[in-house]
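Engineer: Hey, can you piece these two chains together into the complex? The hints should help.
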Amino acid sequence: MTRTVQLHQIASARSGDKGADANVGIWADDDRTFDFLRETLTEERVAAHFSRLCKGGVTRYELPNLKALNFILHDSLDGGGAASLRTDAQGKTLASGLLHMTVEAPDDLTVR
Amino acid sequence: MTEQQRTVAIGNGQGFWGDSSRGPVQLVRGGGIDYLTMDFLAEVTMSIMQKMRSRDPDLGYATDFVTQLEQILPECIDRGIRVVANAGGVNPDACAAKVAEVIDRLGLKATVATVAGDDILDQLPTLAAAGHPLENLNTGEPLAEHVNRVQSANVYLGAFPIAEALAAGADIVITGRVTDPSLTLAPLIHEFGWTEADLDKLAAGTVAGHILECGTQSTGGNYDRWRDVPDLANIGYPLVEVDESGDFVVTKKSDTGGLVDVGTVTAQLLYELGEPTTYLTPDVVADFTSIQLEQVGKDRVRVTGVTGREATASYKVSVSMTDGWKTTAQLTVGGPDAVDKARVTADILFARLAEEGVTFDEADRLVEVIGSNVLYDGMLGSEAAEPTEVVLRVAVRSQDRAAVNRLGAELASLLTSGPPGLTGFAGGRPKASEIIGYWPALIDKSVVTSDVAIQEARA
Chain A
1 MTRTVQLHQI ASARSGDKGA DANVGIWADD DRTFDFLRET LTEERVAAHF SRLCKGGVTR
61 YELPNLKALN FILHDSLDGG GAASLRTDAQ GKTLASGLLH MTVEAPDDLT VR
Chain B
1 MTEQQRTVAI GNGQGFWGDS SRGPVQLVRG GGIDYLTMDF LAEVTMSIMQ KMRSRDPDLG
61 YATDFVTQLE QILPECIDRG IRVVANAGGV NPDACAAKVA EVIDRLGLKA TVATVAGDDI
121 LDQLPTLAAA GHPLENLNTG EPLAEHVNRV QSANVYLGAF PIAEALAAGA DIVITGRVTD
181 PSLTLAPLIH EFGWTEADLD KLAAGTVAGH ILECGTQSTG GNYDRWRDVP DLANIGYPLV
241 EVDESGDFVV TKKSDTGGLV DVGTVTAQLL YELGEPTTYL TPDVVADFTS IQLEQVGKDR
301 VRVTGVTGRE ATASYKVSVS MTDGWKTTAQ LTVGGPDAVD KARVTADILF ARLAEEGVTF
361 DEADRLVEVI GSNVLYDGML GSEAAEPTEV VLRVAVRSQD RAAVNRLGAE LASLLTSGPP
421 GLTGFAGGRP KASEIIGYWP ALIDKSVVTS DVAIQEARA
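Those protein sequence lines, which keep their order, are chains A and B.
Residue numbers are given in this note's numbering: position 78 of the first sequence equals residue 78, and the series is strictly consecutive.
Residue numbers are given in this note's numbering: position 458 of the second sequence equals residue 458, and the series is strictly consecutive.
These are calculated hints, taken from the structure and not from any lab test.
Where hints are given, some of them may not hold.
[Claimed, not checked] Straight line, CA to CA, 20 Å or less: simulated SDA-like cross-link-like pairs of lysine to any residue:
1) K55(A) to R225(B)
2) K92(A) to K51(B)
3) K92(A) to W226(B)
4) K51(B) to V374(B)
5) K298(B) to R225(B)
[Said to hold, decoys possible] To spell it out: a stretch of chain B is covered by chain A in this simulated footprint if at least three of its residues, at any positions, have a beta carbon under 8 Å from a beta carbon of chain A; those stretches are:
6) 67 to 80
7) 219 to 227
8) 237 to 251
9) 411 to 425
C-beta: ideal position from N, C-alpha, C; glycine also.
This is chain B alone, in the form it adopts within the complex (with noise of 0.2 Å):
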C-alpha cells in the first residue's frame, strides 16, 4: 500500500464583505487548515469601493480585512496558515500597505503579495478604440455611449496569477477582483502543481470553492431544515481537505455548531446556479451535473466525480456605472384595518407630492404593504387573515435628486395628518442614495494582463 494519500485543508473565514469575524478566528484557532481564504467581493461592492477610492486615494478595499488579520495572523505565521483573500477591492495596493503595517505592530515576519490587473477604468477608451465594445451581456448595446457614467470596470481574474503569488513565497496574497472560487482553487494549484490541462481537477477545485464561497450557507445557514441544525449560534465554517486527484471531503471543525450533510452542500450547489452543465470561470467549464455527493461521517461529505471542459477565450467584465437615484420610505401601521390603511397612506403621499409636480413613473414607485402577502404576492391562493399590523414601505427611483428627497420630506406629517395608528418613523428622512447599475460583459483573454507584485517581506 502507498502512504496515505497527502490532503490540504481550505477554509473560508468570510462570505462577503459584512460577514461576522468569527469566520477566520474560529478556523484559524486551534490549526487544522492549511490555508484560508476570505471572499469580501460582491458584484455591487466593486463599485462601493471605487467611491470610496474617488473620496480618499488610500482606500478603496476591504477595510475589515486588515482588522480580522490583526486577530489572527500571530497564530497564522505560527501554525503555517497562508492567507488568500480578494479584500483588495480597487485598490489592492493600499491594502497590502495596511496589512504591513499590521504586520510591523505585532512584530512578525511575513511576505505580503497582491494579484492585480483586473482593473480596466484606465484602458476603456483604448480597448474601445481597439474594437472591444464591451458589449452588455443581456442587451447586446455597446458600452460607448455610456461611457461618461461608469464608475469601475473590473475583469473577473482566476486562479493562476494567485497560485503564482503562492509559488513566490507568499503567506498572505491579497486580490482585486478575480472569480470567488478561484481562491480554494489556487493553492490547489500551487499545491498539486495542477496546470491548464487538468481540466477535471480544476472543475473540482472550482467546485470546492463554489461551495465554501459563502462561508455558512453551506453549513446549515439558510437552511430549509433549519429545526434540524444543532447549535446554530456557533456555526462552524465551511473547510474542504481536497486529495491530489480533486476528490474532496468538505466538513467543519469539530468545536462548531451547524450542520454538514448531502443536503447542506446539495443547497449551495444549487446557490446562484445557472445553466448546470456550463459553469464558466476563467480557467474551467465545470459541470454540475456530474457531482456525486456521499455522507462519508459525521459532518462530512465526499464530493466526487467532478468533469471540466476546456475554459473560453474570454474573461468576463462587471463594469459598475450611475443609474439615477432612490430612496424607500417606511412607518408601521396598526390597529383595525391596517392593511387599507397603509395603502390610503401611500395614496395620500403621493398625490401631496403630485401636488407640487413630483411624479413618478408607474415603473419606478412600489407600494409595498409588509404582513399582506408581499413577498410572495400571488403564491398563497387564499389571503392570510387580516394582520393587527403591517409595515408600509415605499420605494421611488428617477434620475432627478430633488424628486427622491421629496419623498422623504413628506413622509413625518403622515402621522398627524393621515389614517390612525400609524408609528415608526425614526431615524430622521429618508434620503436619496445613488442607484449603481451594472453591466455585464466580455473581454478577449489576450488584452488583460493580470500583474503579480510581491511586497517587500516584512521582518
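Isolated chain A, as found in the complex (with noise of 0.2 Å):
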C-alpha cells in the first residue's frame, strides 16, 4: 500500500552553488525512506521536477553512508553568483523546492 506524501515529510536537504550549476542533497533518517528515495529520485523525475529552472541536465551522485543523494542541477541559476537576475541567484532555495515534490511512498515509512 503506498499513500501520497510530499518529500519535506520524509527526508530533508539542502542546496547551494557551484559557479552557475547548483547542487541539491537530500538525505533520509533511516535506510527503508533511503532504499525509497533511491528508487523514486531518478535524475530524469529531478530534471523534469526543476525543468522551468535548470537548462543543463542533472547528474545524480550517491552517498549511502550519509543515507544521501547529491544533484548537481547544471545551469539551473541564470549565470550564477553576480551575473544572475534572479533573486535566490545562489540556488538556496531549491532545496524547498525539491522537498515540495509529491510522491506515492509505501505507507509504512515514517512521516512527519
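Structural biologist: Structure below.
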C-alpha cells in the first residue's frame, strides 16, 4: 500500500551554488526511506521537477554512508553569482523546492 | 592503558564576510578552543576587494576582521588561542599592518604572520607566455582573449603554508586566497605533525574544515527541522575536537543555542558538494562517501572513517572579470488582480524604454512577480490562490551602462501612470552595478610559490 506525501514529510535537504550550477543534497533518517529515495529520485524525475529552472540536465551521486543523494543541477542559476538576474541567484531555496515534490510512498515509511 | 588521547579544539567564528560578530566573541569567551578560524572569502569577495584596493592601496582585505579581533584579542592572548583567518583578501600586508596597530593599541604582545603568493594577477602575461593558458574549466576557452577585463586572479593555496606560519610561532595568521577547509586543516598539520603522505588524516581535517566553514550552517541554521532547533537567537558557532588519528567530534559551546546532531552535520556535508568521492583540495582528494557519523552525546557528533587520495598536480585559480552591468527594480502591488497588475506594469515599463530605443535581449531581462510562485516555478502543480499583494521585481543586464540606468529612471513614474495599487518605491533610483564574472581555471602547482612572512612580533 502507498500514500501520497511530499518529500519534506520523509526527508531533509540543503542546496547551494557551484558557479552556474546548483547542488541539492537530500537525505533520509533511516535505510528504508533512503532506499525509497534512491528508487524514486532518478535524474530524469528531478530534471522534470526543475525543468523551468534547470537548463543543463541533472547528475546524481549517491552517499549511502549518509543515506543521502546529491544532485547537480547544471546551468540552473542564470549564470550564477553576480551575473544572475534571479532573486535566488545562489540556489539557496532549491532544496526546499525539491522537498515540495509529491510522491507515492510505501505507507509504512515514517512520516513527520 | 595509555593516557587519554590529546585533542585539538578548533572553532570557526565567521562563515563569510558579513557574518555576525557574535561568533568569534562567543567562541573565545571562557575558552574551550585552541584555535579560532575565521572565513571571509567567497568567489565574488576577491573581486570586490580588488576594486577596493584599486581605489585605495591600503584596502582590499576584510575590514570586519580588524574590528572583531580588537574585541577578542586580549582573551585570545591570555588563553593562548591562536587565530587563523583568510581576512587578507588581495592585500594581506595591509590587513597585517592594521592588526599590528590593534595589538599596539591594546598593549599586547603577539606575532603576526601573513600567507600570500596566491595573487597571480601581475604574473598573468608571463604565465600566458610560458604556456599556461588558464582555460576556463567550463568552456575550455583560453584566458588570453579576455585578459583586458580581468579584475583579480588568485590561486587557492592549501594548508601547509599556514602550518608553516604556525610552526614559526605566529599567534595570528592572515592569509590571502586559501581553500576554506585549509584554515582548519593547517592547525592539525602543525599540532600533530601530519605530512603530505598522511592522506586519510589530511582528508579528515579537510572534512572537519568543510563542516566548520559556513559557521552556524552546521549547528541548526538553515535547517529543515528548524522548529526542533532550540534557541536559534543564541545559536552556537561550531567547533571540532580532533585527535591525532584524524577522528573528531563536532560540537558547540554548552551555553549556546542551536543543535548539533547527525542531521545538522549531514546537511552541511552536502552543502555545495560536487562529486562526493572526489572533493578536491590542493592537499588531498577527500572521499565524502567514506564519512561515518555517530551521535555520541548531546550536541556531539563523532566523525570517523574518512579516507583520502593523493592531491592533483594543479591548483585551482579563480579569475574575476568585468562582464557588463545590471540592476534590479522593485515595486509592491496590492489589491484585486495583483499578479496581473504587476505583469502589466512590467510590460508598460519595457514599452516606454523601447520607445526611446532602450531594449534588452530576452535572456538579459527578467520579470519576477514575487508571491506568485517565482522560486518554485513549475514545481508546485496547481497555482496558489490569488495573493492579495505581490512584489514586482524587474532585472536587466547589458554591456551598456546607460541603458541599465534608464530602467531605474523610469520606475517611479509608474506609480502615477500605471495600474492602481502600486507602492514601495523607496531609496531612490536603482543604479547599474558592474557584473563581475567568474572564470575558474587550473594551474600547474610548480609555477606557484606560496609566501609565508612573519611580521615583526609586537611587544
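Engineer: Taking the hints in turn, state whether each one holds.
Structural biologist: We went through each hint and held it up to the structure:
Distance restraint check for K55(A) and R225(B): the Cα-Cα separation of roughly 30 Å exceeds the 20 Å cut-off, and the hinted pair is therefore not satisfied. With a CA separation close to 27 Å, the supplied pair K92(A) and K51(B) exceeds the 20 Å bound. This hinted pair checks out: K92(A) and W226(B) have alpha carbons roughly 16 Å apart, not beyond 20 Å. Distance restraint check for K51(B) and V374(B): the Cα-Cα separation of roughly 33 Å exceeds the 20 Å cut-off, and the hinted pair is therefore not satisfied.
Between K298(B) and R225(B), the direct Cα distance comes to roughly 17 Å. Compliance with the 20 Å bound is thereby established for this hinted pair. Taking a C-beta to C-beta cut-off of 8 Å, the region 67 to 80 of chain B contributes 0 residues in contact with chain A, too few for the three needed, and the coverage statement is violated. Coverage of the region 219 to 227 of chain B by chain A holds [criterion: at least 3 residues with CB-CB distance below 8 Å; count 4]. Requiring three or more residues with a Cβ within less than 8 Å of a Cβ of chain A, the coverage given for the region 237 to 251 of chain B is violated, as only 0 such residues are present.
Three residues within the 8 Å Cβ limit are the bar, and the region 411 to 425 of chain B against chain A gives 0, so the coverage statement is violated.
Checked against the numbered hints given earlier, this structure breaks hints 1, 2, 4, 6, 8 and 9; the rest are met.
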